[in-house]
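Protein chains in written order, with this note's numbering: chain U, 1 to 88; chain X, 1 to 148.
Hints are computed from structural coordinates only; laboratory data are not their basis.
Example chain X residues on the side facing chain U (calculated, C-beta under 8 Å, incomplete): (1) Leu-46; (2) Asp-47; (3) Ala-51; (4) Met-52; (5) Gly-55; (6) Val-89; (7) Ile-109; (8) Lys-113; (9) Val-114; (10) Pro-117; (11) Phe-118; (12) Trp-119; (13) Trp-131; (14) Val-132.
Ideal Cβ placement from N, Cα and C applies to all residues, glycine included.
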Amino acid sequence: MMPAELRLLYFAWVRDRVGAGEERIAHPGPDCTVAALLDRLAGESAGHAAAFADRARLRAALDQDYVPLESPIGDARELAIFPPVTGG
Amino acid sequence: MISVSVQAEDFDPGAELAALERLGGGGIASFTGIVRDDGALSALHLDHYPAMTRGQMERVAAEAAARWPLLGLRVIHRYGTLPVGARIVFVGTASLSRVPALEACAFLIDWLKVSAPFWKREIRADGSGAWVEAKGEDDARAAGWEKD
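Please work from the sequences and hints to get the whole structure.
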């Protein structure tokens, strides 16, 4: 069953620019890609636009699995957007 | 024996090594990552993705255990605000001999760096801060362990 909502999580400078670590939106549907959703979200605020401007510096995870930005969102409940990781 | 921890608290590398030594192997290898003093740094803040971090670390650990004959494998990664000199990460491996232990240890830290969802923010002595940028050389090192 398709979830009604999509939970968005932001980390590191993506969170700083958006100004929030988490948002909930109506689920955009299974065929919407991560990149297409970012295009739409960039129109939400200047912070969103700044966070999502440079796609080469963004990574994504759907339900805690890394995916390319071109991936369809499918029936995922959680989408995280963040810079390349810098742990270790 | 695979053991993975994500924690705010410090850890005792000596105790971790002693536990690996008790597994009956002939070789123990380890890596400990420390917050390095670059002159102006006061601390690193490590952000992470709690729902994903542990699973990613367990995947890397399982891959190491599948590639090398290990008797034991221990990975600890801290999060939160860590001052200069603090321990950040520990990888320890035990095997019958040195080569699997050393190779698996290098593989683990190289892959953790590019796949565990942590982000470092530098906190400088003057109170300013900046997110650390990922390095291409880290991706290249990790890619060096890809199977043909």
